[in-house]
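Undergrad: Take a look at the letters that make up each chain.
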Amino acid sequence: NAGVTQTPKFRILKIGQSMTLQCTQDMNHNYMYWYRQDPGMGLKLIYYSVGAGITDKGEVPNGYNVSRSTTEDFPLRLELAAPSQTSVYFCASSSKSGGGGYTFGSGTRLTVV
Amino acid sequence: AQKITQTQPGMFVQEKEAVTLDCTYDTSDQSYGLFWYKQPSSGEMIFLIYQGSYDEQNATEGRYSLNFQKARKSANLVISASQLGDSAMYFCAMVGMDTGRRALTFGSGTRLQVQP
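Quick note, the sequences are listed as chains A and B, same order.
If you're matching positions, the first sequence starts at 1 in the working numbering and goes up one per residue.
If you're matching positions, the second sequence starts at 1001 in the working numbering and goes up one per residue.
Treat the hints as calculated values from the structure; they're not laboratory data.
You may find that some hints are simply not true.
[What the hints assert, rightly or not] Which residues of chain A face chain B? A few of them, derived with a C-beta cut under 7 Å, are:
| no. | residue |
| --- | --- |
| 1 | Tyr33 |
| 2 | Leu43 |
| 3 | Val50 |
Bear in mind the structure is a predicted one, so any value in this text is a computation, not a measurement.
We put the beta carbon where it would ideally sit given N, CA and C, even for glycine.
My request is simple: use the sequences and hints to build the entire structure.
TA: Listed below in structure tokens is the structure:
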């Protein structure tokens, strides 16, 4: 199984540009999450989804949007990129039961210049 | 809401020795789970160990054990017989089970360096 697949792995954006970070999981997990990790810090929750069509804000949602039209896909949209959005972005998924069943993607390293 | 505190930004340990990484948590949920993740320099998040709030025994996974003290709200990670490959960032995280959110809350991490 592929698990959680994120694309792209690296991206450089200019200030004001927009982009979509893609996230796909093949484990039929209901729950999906987007986190950002700034250098030397822990992961902070941007948005999460408890199922197709249902999304909600996390700790740091400003400047981002998400959608969840299918169980498999959970794209993260950056509008009007700013240098403060330079970070590593992780997508993750889990089943309803929680426990040890969180799977993380390999991350997207985004630089805004 | 959940909060995780890791007070050790960096730790050094000699190869083959044991090391304890501290983690305290705060939550109003009655049911919750505690996790430890390892993040090597390559950047991926590697799951190490999980402890449920109602588990009576401390979790163990190979050289990793979680010292769970519920009354103190602590969930320290113990790594026995450290290896050079254990050098990495370590994150404590938790999830509250009383609501449907299920998102992990992470601490700020501890950088462990294993010295030969």
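Undergrad: All hints, please: hold or fail.
TA: Going down the list of hints, with the structure as the test:
no. : hint  : verdict
1   : Tyr33 : holds (6 Å)
2   : Leu43 : holds (5 Å)
3   : Val50 : holds (6 Å)
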